[in-house]
Amino acid sequence: MTLVKTVEETLEEGLVLKVRGLDVRFYTYAGVVKAVSGVSFEVREKEFVALVGETGCGKTVTTRALTRLIDPPGRIVAGSVLFRRKNGTVVDLLKVPDEVLREIRGNEIAYIFQDPSSALDPLYTAGYHIVETLIAHNKKVKRSEAVREAIRLLKEVLIPHPEVRVKNYPHELSGGMRQRVVIATAVANKPKLLIADEPTTNLDVTVQAQILDLLKEVQSRYSMSVILITHNLGVVADVADRVYVMYAGKIVESADVFTIFEKPMHPYTRMLLRAVPNPLKKIEKLESIPGTVPNLINPPPGCRFHPRCPYAKNECMREEPPTIEVERGHYVSCWLYHRR
Amino acid sequence: MDVIYRALCFIIDLFTSFMERIRPGWIERNKSKIDEWKLMAYAYSKSPIAVTGGILATITVILALFGPLIAWEPYWQYKVVVNPDLWLKPPCLPPSCSGYPLLGTDEWGRDIFSLIFYGYRISFIISVMVVVLGVPLGVILGLIAGYKGGYVDEVIMRLTDIFMAFPGLVLAIAFATILPQRIRGLLDASPQLKDFLLWIFALRPQEYGQLAALLSIFLALVLVWWPTYARVVRGTVLSVREQTFIEAARSLGLSTWRILIKHILPNILSPIIVFATFDLATAVLLAASLSFLGLGPQDPVPELGFMISKAGRFFPERSWWIVVSLGIVLLLIAFGWNLLGDGLRDILDPRTRRAIEVRARAKARAKAAKVKGG
Amino acid sequence: MGMTKFLIRRLMTFIPTIIGVMLITYIIAYVIPTDPVRAWVGGEKLLNPEALEKVRHKYKFDAPWYEQFSFLVISLFTGQLEDPVRHKLVVQELSYRFPITVEVAIFGFIFLVLISIPLGIISALKKDTPIDFFVRLFALFGSSMPSFVLYYFLILALFVYTRTTYLAGVPLPSTACMNMIASYPESIPVLGHIAFYIGQVPMFGAMMCGEWDVVVETAKRFYLPGLALGLLGGGFIARLVRNSLLDVLSSDYILFAKARGLPKTWIWRHALKNVLVPLVTVLGIQFGGLLAGAIIAETVFNIPGMGRYMYDSIARLNFPAIISGAFLFALIYVTINFIVDIIYALIDPRIRY
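Residue numbers (our numbering), protein chains in the order written: chain G, 11 to 350; chain P, 80 to 453; chain Z, 4 to 356.
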């Protein structure tokens, strides 16, 4: 896996993760899919970041690319991912050797996936997954200690009768319990960054709320940073500190959660908010966004949103808009806000 | 490959215009189905495995049908009696020996090459009969078992359990051993059946005695074949039955049979076609195995497995060419069906079908780009 | 654990199946054509009609059908059925030949696993490369090749290469060794009985006594049929391994395992154990098929096992022998499926319910 070009940067104080110019492509028979093009964002210590967008906009690919979890025919073509490790050192995750990456995964950066039923190996018990993750990163731990820690973790994620559940197989647990087990496995080694990919989408609504609360709880207890992928704006309003809006493989707007809901700038963000009931505002009528998500093999020239944008102008079709800071901490990538 | 695609499209077009003639508007109503067929034809033409299988299978069918007419030497003449020179003669190429058979002879002095054409016919007919009878039998029983459920289901399932408790060959042996006697009675009673069988296997009336053996192989195999299909079909019926669209059909008052035929059967048709194609290959081999063990027809009937087993006695110095040539024939027959089945499996599954199409178009684009650039 | 409940449930289906097998055997036995006696006593030659009558009476061919029926069946199950051609008790003959067929099947199984699993893994890792295509063709070849043809081809190759053809007989451990093994049930508690049965298979018996020359001879004798059996079924199993492995490697739990930073070997452990689940079932079925295939293999390679017994019996229309043999085959097959189910339940906790 070779990188075409990287940008030398430093990681500022207070930042846990800094991504610059991430470019991921999939080389398929149908053509080259430019899934993620020039994505840049940051995550601060203890910050809860939401990555929002429609299905297929590249959110999942972006987060997987952070720890090089991209398999062929996908390839990380360019970019840098600076990460501050537990011991304070700063590394570029796209450049470190495989062994270092393995140490970081599961130990300093953890993932929670969308479908808890398939994330757990059906042939192994819940407890085994946790114990496995513990021992993989702490070779000196004895098995009995790890099991005790697993039970403690299960109790922390609010699973009743953890001593019994630790020996259960995934098919003996409900969807909500499985997700809790996954969460327990993820935080077992007290990572600095937790990446949750639509953790509640496959669960019942009531369970969704519980899991979200659990995530918040876990975040504050372990002082973690969290990247939450979701297409549900209600969830964003509930838990996020900061929001990044993605469309067609690019980040189109980013701001703190209040600003995004009160003063959305990018046309896509605005239409997104008008399509969903907004707890912070009173809207008369829900509107859908006309058109469909673009084909990423041949994305539209210029701004990728222009075919669906009601404010599209000539320059939108010719050139990609730059990212500008509209106000402090609020970035938009749209020609509407850039005066030549 | 293009030729094949165009040929297949031509056939599809013939069919659609015929349907249009008897039922106007048919093409409009079935447009998406026709498109899928054309896509299947395209995928077929682009799959080397499917095409090769198709060619081999076609050769098999042609040789089977016309073999006995092509064969230049009758199988029932024991030439060695007249010309002792011909006893187990190894193959030889002209010009060193002309006038002698190309592929050698067997212990009766018969030309092996000529025997192959007869053998094709017999093996092919048996396998076709087994599949044509065994598969529908199993499918129907499976449909009944799955749909009716209850007592009928239990009985049929226990039957399949018991039949499947025997390894295939063993069960076939057991049946093939005891059936000939019973069948002889049946054949004596019905001369039309006898004549029909003689004709279809291209045998002389003198070989009437061997018919019982041939028929018993066939019946034994049918009995071995049906349980697998019954099981599979029943499983599919059970899963489809619970789906809502069946409930909807039932609430509309459709009768059981209608539901079975119009809704359930189309869903299982594709896998059945694939399995049946593979089974044509397996049936050929199993029939040959039974003949090899002596359960089939005896001399002079030129059954491939039987001839190989006879050759075994003189093996290897005196009869290797018999084993090699007849063995390759059996291999080619089975191989053709297996290739075709494997190719069909990819084509009939909508996902892999599209994958083949995408890949083929990408290759074509790459080639066009190269031609332009180079 | 649900294991015991599962075992009980499985036994409940095992027993009726065995009974059903017995039933089919009954029915086949009933349908035996009358008067095969001529063939038994040597064919068309005119014989002492008294002798013919004696044999007929012994096998109750002159009795009404229900007597024939019950006679055959009862003698089958009490082991009293006598082989009319070989003049020995069927049970005796089979008990001698059965371990030999087991040896053939074991060699076939070893080669099958050795060939198919590495090929399957490689073709999964190198998906869509020429190797993958070759394995696919190999699978198709294996199911297209008539077994006896392959055996003859291999013998031909061996003949051309080394000028050795037919070996005969089966290497056996010494009588002293067999006596020692016979004493195991008394001398060693519990395991002694198991050891005794394992020791009946000549190769294992020799291993237990340390008679390694016998083991080597056995390998020399059986590697060819074993290789052939492995080649016939290997491609199919390789494809299965390939497809399972591809499914497993693209699953979420493997992704999760990678995301957790597990070492590569641990990830492979997850993957292979999951592949084992469908594999075990298929291997069990294949082993049963190997036993059936032994019939032809033993005929061609001249091995005096159960398969050869069947072949010789067919030639002489020796129905009692054929039926006993078929029954034994079925019994073994059902037992193997039973064991496979148990192993399957041991590996996969989901099916214990």
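The set of hints was computed from the structure by calculation and includes no laboratory data.
Remember, it's a predicted structure, so these values are computed and weren't measured experimentally.
Check each hint, because a few of them may be wrong.
Some chain G residues flagged as far from chain P (calculated, every beta-carbon gap over 10 Å) [to be verified]:
{"hint": "1", "residue": "40"}
{"hint": "2", "residue": "128"}
{"hint": "3", "residue": "266"}
{"hint": "4", "residue": "268"}
Here are the simulated lysine to aspartate or glutamate pairs, EDC-like style, with alpha carbons at most 20 Å apart [what the hints assert, rightly or not]:
{"hint": "5", "chain 1": "Z", "residue 1": "129", "chain 2": "G", "residue 2": "81"}
{"hint": "6", "chain 1": "Z", "residue 1": "261", "chain 2": "G", "residue 2": "81"}
{"hint": "7", "chain 1": "Z", "residue 1": "261", "chain 2": "G", "residue 2": "207"}
{"hint": "8", "chain 1": "P", "residue 1": "442", "chain 2": "Z", "residue 2": "135"}
{"hint": "9", "chain 1": "Z", "residue 1": "130", "chain 2": "P", "residue 2": "425"}
Which residues of chain G face chain P? A partial, calculated answer using Cβ under 10 Å [unchecked claim]:
{"hint": "10", "residue": "39"}
{"hint": "11", "residue": "41"}
{"hint": "12", "residue": "147"}
Every residue, glycine too, gets a C-beta built ideally from N, C-alpha and C.
Structure-based check of all given hints:
Listed as a non-interface residue, residue 40 of chain G fails to keep its Cβ farther than 10 Å from every Cβ of chain P; the least gap is roughly 5 Å. No beta-carbon of chain P comes within 10 Å of the beta-carbon of residue 128 of chain G; the shortest separation is about 19 Å. For residue 266 of chain G, the non-interface assignment is confirmed: its Cβ lies about 44 Å from the closest Cβ of chain P, beyond the 10 Å cut-off. The beta carbon of residue 268 of chain G sits about 45 Å from the closest Cβ of chain P, which is more than 10 Å, so the claim that it is off the interface holds.
The hinted pair formed by residue 129 of chain Z and residue 81 of chain G meets the criterion: a straight-line CA distance of about 14 Å does not exceed 20 Å. With a C-alpha separation of about 11 Å, the suggested pair residue 261 of chain Z and residue 81 of chain G falls inside the 20 Å cut-off, and the hint holds. Between the alpha carbons of residue 261 of chain Z and residue 207 of chain G the distance comes to roughly 15 Å, so the proposed pair stays at or under 20 Å and holds. Distance hint between residue 442 of chain P and residue 135 of chain Z is fulfilled; the C-alpha atoms sit about 19 Å from each other, no more than 20 Å.
Proposed proximity of residue 130 of chain Z and residue 425 of chain P is supported: the alpha carbons are some 16 Å apart, at most 20 Å. This hint holds: residue 39 of chain G has a C-beta 4 Å from the nearest C-beta of chain P, less than the 10 Å allowed. The beta carbon of residue 41 of chain G is positioned within 10 Å of a beta carbon in chain P (closest approach about 8 Å), and the interface hint is therefore held. Checking residue 147 of chain G against chain P: minimum C-beta separation of about 39 Å lies over 10 Å; hint violated.
Checked against the numbered hints given earlier, the structure breaks hints 1, 12 and satisfies all the rest.
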